[in-house]
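Got chain A sorted already, so can you dock chain B onto it with the hints?
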Amino acid sequence: MSAAETLASSVRADAPPAISLKGVNKWFGALHVLRDVNLDVALGERVVVCGPSGSGKSTLIRCINRLEEHQEGQIIVDGIELSNDLRSLDAIRREVGMVFQSFNLFPHLTILENCTLAPIWVRKMPKKEADELAMEYLTRVRIPEQASKYPGQLSGGQQQRVAIARALCMKPKIMLFDEPTSALDPEMIKEVLDTMVMLAETGMTMICVTHEMGFARTVADRVIFMDRGEIVESGEPQSLFSNPQTERLQTFLSQILRGH
Amino acid sequence: MSDITANTTLHSSSAARRAPVSLVGPMAWMKTNLFANWWSTAITLALGYLFIRTGVGFIDWAFVNAIWTVPVSPAGIANTEACREAKGVGACWAVIHEKHRFILFGTYPYDEHWRPLVVCFLFIGLYIVSAMRRFWRWELALIWAAVLTVIGVLMWGGVLGMTYVPQERWGGLPITLILATFGLAFAFPVAILVALGRRSNLPAIKALCVLYVELIRGVPLISLLFMASVMFPLFLPEGMNIDKLLRAQVAIILFAGAYLAEVVRAGLQALPKGQYEAADALGLSYWKKTGFIILPQALRLVIPPLVNTFIGFFKDTSLVLIIGIFDLLTAGKTAIIEPAWQGFGVEVYITLGLIYFLFCYAMSKYSAGLETELNKDRRR
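Chains as they are written, first to last, in numbering that gives the first Met the number 0: chain A, 0 to 259; chain B, 0 to 379.
Simulated from the structure, these hints should not be mistaken for laboratory data. Here the structure is a predicted model, which is why all the values come from computation and not from measurement. The C-beta atom is built at its ideal place from N, Cα and C for all residues, glycine as well. Be aware that one or more of the hints could be misleading.
Counterexamples of contact, computed for chain B against chain A with all Cβ distances above 10 Å [said to hold, decoys possible]: (1) A41; (2) P73; (3) I322; (4) I349.
The calculated lysine-lysine pairs, modelled on DSSO-like cross-linking and capped at a C-alpha distance of 27 Å, are [as the list claims (entries may be wrong)]: (5) K314(B) with K172(A); (6) K288(B) with K127(A); (7) K126(A) with K287(B); (8) K172(A) with K287(B); (9) K148(A) with K314(B); (10) K170(A) with K288(B); (11) K126(A) with K288(B); (12) K314(B) with K364(B); (13) K287(B) with K170(A); (14) K126(A) with K375(B); (15) K148(A) with K287(B); (16) K272(B) with K148(A); (17) K287(B) with K123(A).
Covered by chain A, per the in silico footprint, the following chain B stretches (three or more residues, Cβ under 8 Å) [said to hold, decoys possible]: (18) 267 to 276; (19) 291 to 305.
Pulled out of the complex, with its shape left as it was, chain A reads as follows:
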């Protein structure tokens, strides 16, 4: 993918931010995993988070739908502040889709059931409508013919595409990707990335934790580099990658590039 293919930006800076983190801190025991993180993500913005392992990038996006609890600071998603109030949490989780590194499909349900469960029981959608919606998204991720199979019968790449379709069936406003290609064989990475690019083209607000720099260059409006729990640098992919300001990012980029 070359820089010429970069997607047109769909950022709507005029609207209030889709996600807003102010002074967020989190500890795992004595380990300070998020240090004073401030981040605003605009509606329609596509953000890629990168950084060495253990830098807190997964924890950061898991805090956004409260799979992890932050201990200090404020997180506002879609205008609702994350707190211990279960009702506001449910409201946020309805609007935020998540794709995991290890797919986490429900193995006892068929592909179609995986996709329709939440729309039917959370969105209260009639079953027929949910089925149609699911088939539409499965077609979009190019596996409609697998709808009646079980997750165990699919390849890793196919499973991850189902996971994306499952999240989309909830019609979320924001999508979080937690290293979606890290558990995949190399030949399957592309099919998942293509699906994500396709999603980006629709103007979805996305935060992706990934090491796929090609994807970042093509899709991201902004790349955030994290190290040791803090945001070290952020900016447009071109300038950030070609002109890193800090030594930490330089080291990280040289390691990533050497690996490729």
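Just chain B, lined up with the frame of chain A:
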């Protein structure tokens, strides 16, 4: 593909072939497994001899030399002379022939025995219907409620022209089936709630569940039954009396619940964290997550230990004999108290064992089938 078909002759040597004849068939199997070398042959022959010796001995005792009936005097006293003479040589099945109604139904009024008989068939019918997956709908709960009501009406009577039979006179197989069925049917939901409670984030609920499991598991079932039958009534206000069978039933439910809870918890523990997170991320509420995602997977994982516990408790119901409830085993024991039949316990216990075995074996066969059926999705 096309170039392979073009070169069929070249590839024919690697095509699937049948195994050589000398490697298949019963003869080859025996040769490799039973008579592979001299000591294997020696062990085979020795075991074969023992097997045939005991087998022939048992058949002689149980069938060839067995006495099936004995004359009974008009006063109802059996003449067991023939049985006493054949003792040690042949079985005296006459005791079963004479006493089978007492063993099966205990002290239930003789003329009303059709009622517990129908109850037993209702129970078995209920098991069969519940075992079929196509009946796994919410209506099944209604069927259960209806059948259990009918069972209660039949046992107690007092309506529809049936005479009233107090619970003290119930006995035999119906008691065993009542204790086991109600026991497990109520203990299972209790167990699920307790297992979920032990993993709860709410400290009070968690502590309560831990306390329940540890307390109940820490005492023998016998002492629980004693408490239910002897101590519990002391705490009740005067004049109030809860049925003894019901008290034993509650003790069994509490006991089975604690054990099953730990089995269920093992299943909850075994599920990967990602399943919980995926359900959370989709916005499923706690109960929907538990009902649709967690329990269906967790319970499938623990079918073998679950059935293990079920079978154990089916047999443990026989412990109610110590508080004077007439279950199948107690009825069997009592049947041979009569002087004429004293000393024929072996035949009675073999019969009782066979009845218990039939129920337990059916459970284990069914669970094995269920396991393969439900874990289909794990096969590729």
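Checklist entry - Which hint numbers does the structure go against, in order from smallest to largest? => result As far as the earlier hints go, 5 and 9 are violated by this structure, in ascending order.
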